[in-house]
Each structure stands twice: as C-alpha cells, then as structure tokens.
Amino acid sequence: MQWLDAIIQGVLLGGMYAQYALGMALMFGVMRIVNIAHGDVMILLSLIVISLAGVLPLGNIGLIVVIVPIAVLLGWVLQKFILNKVVGADPLPSLIATFGLSIALQNLMLEVWSADTRSLPNSGIASASFEIGGIYMGLLPVLVLICAVVLTGGLDAVLRYSRFGRGLRAAAADTEAAAMTGVDPKRIYAIATAIAVAILGLAAVFAALRATVSPSDGSAQLIYAFEAVIIGGMGSLWGAFLGAMVLGVAQAIGLRIDPGLGILFGHLVFLAVLATRPEGIMARKK
Amino acid sequence: MSTPILSTHALTGGYGDFQALFGIDLHLDKGEVISLIGANGAGKSTFLKSIFGLLPVNADMVRFEGSPVGGTPAHQMVGKGISMVPEGRRLFTGMTVEENMRVAIDNARLPEAEGPWSRERLFQLFPILKEKRRQPIENLSGGQQQMVAISRALLCQPKVLLCDEISLGLAPKVIREIHAVLPEISAAGTSIVLVEQDVTLAREASDRLYCMLEGRITLSGISQDISREAIASAYFGA
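Line order of the protein sequences matches chains A and B. The opening position of the first sequence corresponds to residue 3 in my numbering, with each subsequent residue numbered one higher. The opening position of the second sequence corresponds to residue 7 in my numbering, with each subsequent residue numbered one higher.
None of these hints come from the bench; they were simulated from the model. Keep in mind that a hint or two might mislead.
Said to hold, decoys possible - No more than 30 Å apart at the CA atoms, straight line, and that leaves these computed lysine-lysine pairs for DSS-like:
hint : chain 1 : residue 1 : chain 2 : residue 2
1    : B       : Lys136    : B       : Lys179
2    : A       : Lys188    : B       : Lys165
3    : A       : Lys188    : B       : Lys179
Bound-form chain B, shown alone (with noise of 0.2 Å):
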C-alpha cells in the first residue's frame, strides 16, 4: 500500500483546557473523496482546524504525503498543498469576488497558468460568478458565496482539500449545484475530506466514509456498505 497523501495519528486537541479529540486515525488516499460526519459538537470542525495548524497539534500527529506536519501555521499549509472550504464561508467583505479570488492566487502553491485551476475554469464551472466578477462579495447570495470560497481555496492549487460542511444553510437546489463539481475537482487529482452532517449526501460524494461522536471516531468504511443502521448508532451512539 502506497503512502496515504494525508494521515493523522493518534491525533488529540482542542481549546486550551479544553479536551476535544481523543486520539484519531483518519487517513486519505491520493485521489480519494473521504466523508467525515458526526453529529453538533463531534469535534469535526475542530479536527480540520487541528490538521490545519489552526490549533496546536504535536509534529508527529498529522502527517502529510509521509512527512511530519502538525501544527505548521495554515499560512505554510497551503504552501505545502492543503486548503480549505471553512465554515461559513469566511470571505473577506469589502472585496470583489475577483479579488477575493486573486488573495488565493497570490500566495498559491503553483501560479494560476501551472497549476490544474484557473480562474477562468472557474468561471466555467460557476457561470454566475463570472458575471458578478466586479461585485463585493456581500452582494451574493449564500449558494453564490459558496461558490467563491470554493473557487478561493481551489487556487490555491491544493493537493488535498478540506471542506467544513459545504452545504450548510443552503437551499436543496443548490446544495446539489456545489456537490456538482466535487467529481470534477477529484478528476483534477485532487484529494477532498468533506465534513458534512448530511448523510446520504456524504455517503453519495464519498469513497469511504468516517463517523465521529464526541471527539472519536465511531465508525470507518467504505462507503457504499455501510449501512444505515450502523450509521444511525455511530451518529447517535447506542
């Protein structure tokens, strides 16, 4: 078996005191799409947060494609390769879509022309934002706000990419326009970890699937067959 391109080990974190995550393995394929799901307050958010170096985390507990890369500040994660979909979309106001846009490519890991993402694949993918390219970013609706930080976080050209519940607050219809495109971010050799409380929608994107219930993982596997049953008692806990 190959390196995974992303891995955690043993991984423990949270806010000062505060004990989120007890110790989780989760690893990620080159290639693969992985769901995390998990109930409010599971500790997925703070998982991502803790891969990301935006919580400290020891050296050794998060590795990416073999080497030691816990608690790298976010800023050196994106040059190395990840990045991330936040939650709530965390745009920057007072800024286009376009300039939005353009933060991500200044300090992306390969330049616009090299790497797989463009901001004019993007505008194909997301016709709309082409059309409001010039607007600030709080004249968008949530779906198109989606859009751009989707867009932000793909030019930074990353290998493996993080998305913090993608879908959240967002109506059905659109919903399935972002889950859309996830196919074609994977088909650009991207990896994706998709943190979701949805989960047939989890499970529909993803090639494995992980449960977390208050700060562990209760449940790994291929997604396809693992039932819902056994879902429903990892999600909940029996």
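Okay, chain A solo, but in the shape it has when bound (with noise of 0.2 Å):
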C-alpha cells in the first residue's frame, strides 16, 4: 500500500513536470533550439502572478486569464528578437544566448523581487484532498495531471494535424527546404515558442500555487524539463509526459526509501535511460 501510494504520488508529482517538459518538448525535441532559460522563464512568470494577486482581486482561474496572453507575448518577444537570430543546425548559438538570458533574468529578478520565497496565497484548493480506496489525493496535483494530459493530447494532435503543425514539422527537418515550399520558419518558430510559453504561463500559476518560488529556481526546473525530454524521446510529446510520469515516480520512490534521495533517484534513473536506451523510451525511428 505504502508503494502503491508512493507511485500514484509520483504519477501526480510526474504531472507537475509533464507541464514544465511540454513546452521544452517543442522548443528543444522538435525545433532544436536548446533554451537554457526555460525554468527561469517559468519563474518570472509565477512571480509576475504573485505579484499581479497581490494587486488584483482575481480568483486562480482569473490569474491564469491574465498571465497566459503575457506569457504568449513573452515567447513570441523572445523567438523574434533572441532566438530568431541563433535558430540553425548548429544548436550552440541557441544555447548561448539562452544561457546569458537565463543569468540576466535571474538577477533582473533578484532586483524586482529580492530573494525571498513567495507563493500564492492559498485559497483553498492547494490544501484539499479526497480518498479513493484509503489513498488520500490532493485536488490541486489531480487538476495539474489532467491539465497536463489534455495540453499533451491537443498539442500532439496539433502538430499531426494541423497546418501549423505540419509547417513546424517541416521547418524542423529542413529549414530552408520548408521555406522552399512556402513555409515561413520564423514566424512559424515564432508562434510554436508562444505556445511553449503559454503552457509555461499555465505552469507557472500551479507551481505558485502548490509550493513557493523563489529567483534561483528557474535551474531546478530546467534540468527536470530537459531530463522528462530526454527519457521520453526527442521529438515526441507524449514521450515527454512519459518521461515526465519516469522521473516524478522514481522521486516519489526515493523519497519513501529516505527523504534526501527522492532527487537524487531522478537524476539516476535518468542516467540509467541515458545508458540502455538513450534514444529515449518512445523515440522516432531515424
């Protein structure tokens, strides 16, 4: 019973992350572009939340009304005038430049909003629950999980589907044979990191919610998008969420084993994927 919990804990946890890794999934496992900023984007966002429930009398619903446009703003800001002009085979340039922004944000955060944890205030929901068969679970982690399955399946049917879908896909294989075909890769990237960042904008008012956030954990949550990115399989959306589902498990485990290794096993199951399959587990074939 103790495992079973410590699984559906972790499947919760995994739903969390499956938010953080979707639109890292996009940007980095479809486009390859390697931003190093992700997780501290995400943290900007929160504290922008934070900030605006502070001054405006909004309900969680309403916060997330208000931080997704900007977090489309921000994305497609961010594509048009930084990573439009690194895009190309060569993922180093990308890499770079988000790495100096990812500095710059921190301590433009550090600035505005000093190093203080902060969270949303709660109203209620962070702290309900409900039991299913002597399993307690929160209300807030099921409404994440359901979220992040539902971004997960309309993102993916999206790209499948959907004349943009198709477009980013093509940019993706071959930009300038996209282009050839009429496909005009920087406003199709440009619209593809909006969405990344929209998703992050949803994230951002869970993440506030269910814990606190503080400048400095824009890392954190990098390395946990990247690693669900990787598990699952570049290029794959659903292989993201499976490998966002591997990692929250495997923390939820070590946790029950001994409270300071629940991240410590992440990392290491990681590692073990990285070593028997490290095309990941539902990668494309080639």
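Hey, can you piece these two chains together into the complex? The hints should help.
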C-alpha cells in the first residue's frame, strides 16, 4: 500500500513536471532550440502572477486568464528578438544566447522581487484532498495532471493534423526546404515558442499555488524538463509526458526510501535511461 | 517580343566574400523549358539559389513577370509562383509522403482545387506514390523520393519550376521515368528551368540551352541547333 501510494503521488508529481516538459519538448525536441532560460521564464511568470494576485482581486482562474496572454507575448518576443537570430543547424548559438538570458533574468528577478521565497495565497484548493480506497489525493495535483494530459493530447493533435503542425515539423526537419515550400520558418517558430511559453504560464500558476518560488529556482525546473524530454525521446510529446511520469515516480519512490534520496533517484533513473536507451523510450525511428 | 516570365540581369552573387557568379543574363519565356548545364562547381546551384531568394542579390537582378523580385525570401517566391525541386531532394524526414505533399498544399499560390496540380493528378503520374502515401519518406527508394520532391514542388502550383539535378544519383531507368513527366508539366502551362550535368538529357528535354563555366554563361542557343563540339568546348573551357 505504501508503494502504491508512492507511485500515485509520483504520477501526480509527474503531472507538474509534464507541464514544465511540454514546452521544452516543443522547443528542444521538435525545433532543436536549446532554451536554457526555460525554467527562469517559468519562475518569472510565477513571480508576475504572485505580484498580480497582490494587487488584483482575481481568483486562480482569473490569474490564468491574465498570465497566459502575457506568456504568449513573452514567448513571441523571445523568439522574434533573440532565438530567430540564433536558430540553425548548430545548437550552440541558441545555447549560449539563452544561457546569457538565463543569468540576466535571474538577476533581474533578484532585483525586482529579492531573494525571498513567495507563493500564491492559499485559496483552499492547494490543501483540498479526497480519498479513494484508502489513498489520499490532493485536488490540486489531480487538476495539474488532468491539465497536463489535455495539453499534451491537444498539442500532439495540433502537431499531427494542423497546417501549423505540418509547417513546424517541416521547418524542423529542413528549414531551407520548408522555406522553398512556402513555409515562413521564422513566423512558424515564433508561434511555436509563444505556445511553449503559454504552457509555462499555466504551469507558473500551478507551481506558485503548490509550493514556493524564488528567483534562483529556475535551473531545477530546467533540469527536470530536459530530463523528461530525453527520457521520453526527442520529438515525441507523449514521450516527454511519459518521461515526466518516470521522473515523478522515481522521485516519489526515492523519497519513501529516504527523504534525502528523492531528487537523486530521479537523476539516477535519467542516467540509467541514457545508458541503456539513449534515444529515449518513445523515440521516433530515424 | 513579350516579357519573359523570368529573367536575370547581370546577376552576381556568391557566399559571403566568395563570388561565384559573374554577371548572368538569362531569360525564360512562358511555357518554355530551358536547360542550364555545366560541370560541378560551375555555379548552377548557386544561380538557382540566388533566383529563389536563398542567397542575397539586388532586387533588379531578378525579374519575374517583369517586376523586380531579387532577394525576396524564398517562402514569398512560392506565393508569387516560383517553386523548386532542390538538389538532393531535401524532403521532410519523419513525415509521410502525403504529409510532405500537404505542406506544399498548405502554402501554395492557389488552393489545390483551383490549381493545375492536385494529389489525385500526381498519383496518376506517379502511381507508386499513391500506394506509399502513408509511408514515412525514409522508406522510399531514391527515385520514389525524387517523385515526391517533384510532386511537392508542383503542389505549390508554380508558374515557373526550377529543377536542380533531378537525375543525380538515380538509375537510368528511373531517370527516364522522371524525365517522361516533364512534357506533361510543360503542357500544364508551367515553364521549367532544368539544371543538369547530363548534356544529352538536358538537350533532349529543353527548347533552349545555357552552358555555364566558372560563374559565367559560355554558350546559349536553341538546344537542337547547338553542336556537341560547341557544348564540349563551352562545358570544359577551351
């Protein structure tokens, strides 16, 4: 029973990681842009949400409605003014540019919000729970998991069946050939980054509800997102979702064994996957 | 004489500081097929890329239907009515045959129903593609992939089709199969620029012929009237 509980809590934690990982799966897995500032952007959005909650009498839903458009704008600006200048076959320029951005964002956040940890005021949802067959589940983590499933399914369908999705996959496969076929790669990439950051906006609200955030927390989220994408397999959104679940479950089981082992267990499972199946669990055939 | 559909005027270009093209004048009339021949490194592919907005050139170096279009980004060229079968096919890996075609349909100059080219018509031209339409592109042979690359370019509904070495690396039988569709493309009203290394193929398939050597046009004329000796000296330099 104790272990079943650990697995269920791990899956619920995985739902949160899946939200971090989904934008990463789109940018790193599909577009091959390495965005080191991924976690910091999420933390920035969380801090904006927390500040907004202090001045505007919005509910949690209201905050999501406000932050997602801000996130879309932020993503578009990020792609338009930084990433579009460094995209190409070589991943190194985007890595260096976003590494710099990451440091700049962290210091900007320290300047504006100081190093204090903050969170959204508890509105009841964060502590609400229900019981099924002797196992207690938090309402918020279940909501987070449901959102992650819906987002992954929706985005996967968009990539597979929409005009935008085909254009994005084409541009990711061969940017120049896509341009020769009438696709405007910069426009497509700007939309894709806007979507990726919009998802981070949603994740930011959940993260601020469920725990505290401080300006230096971004790098941990970045690592989880990277690990989930690589465990699952580059280019597969459901793979990233599965990778997030694997990471969440590994951490929850590690925590049960020893409270200090949780994070380490996640990293060990990641290394084990790299050693045995480096292309990832759900990698597409090349 | 009417305005050519596509023409270049003292076109110069290259990669960064390296100049590869030294004043190319060339024109393509509506409905015509021209061949551009030349050895490796003569600048043929560079020339096509320069026309197509993939390399920087001045606006008035390239004219399309009389208006200057040089340097327009490639994706906007497609909207104007130029498309290209790139060297080495450059298909979208990880996507099926039909998905590759649909990328072109999504961004074409005209909707599939209004333009001369539809998936149905291309499946008649290349029946094997109909059979393999749901297969990932990686599962196809080189010749079949070339058929997809041609289909993809045609589904952009071009007025001018640029073909870069479409016979490169293919078996002679497959080359004949692919060249057999060129008259049909012409008949649909599309003008064609054929870049080839194979002189015999280039002569047979075209109305007029240009020969390039080291970034310059060394010979041009009616394909059937040019002697093999003239081509040989223009091709290799005499």
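Now the hints, each set against the structure:
Distance check on the hinted pair: Lys136(B) and Lys179(B) sit about 20 Å apart at the alpha-carbon level, within 30 Å; holds. A distance of roughly 25 Å separates the Cα atoms of Lys188(A) and Lys165(B); the hinted pair therefore holds under the 30 Å criterion. For the hint linking Lys188(A) to Lys179(B), the alpha-carbon distance of about 40 Å lies beyond 30 Å, and the restraint is violated.
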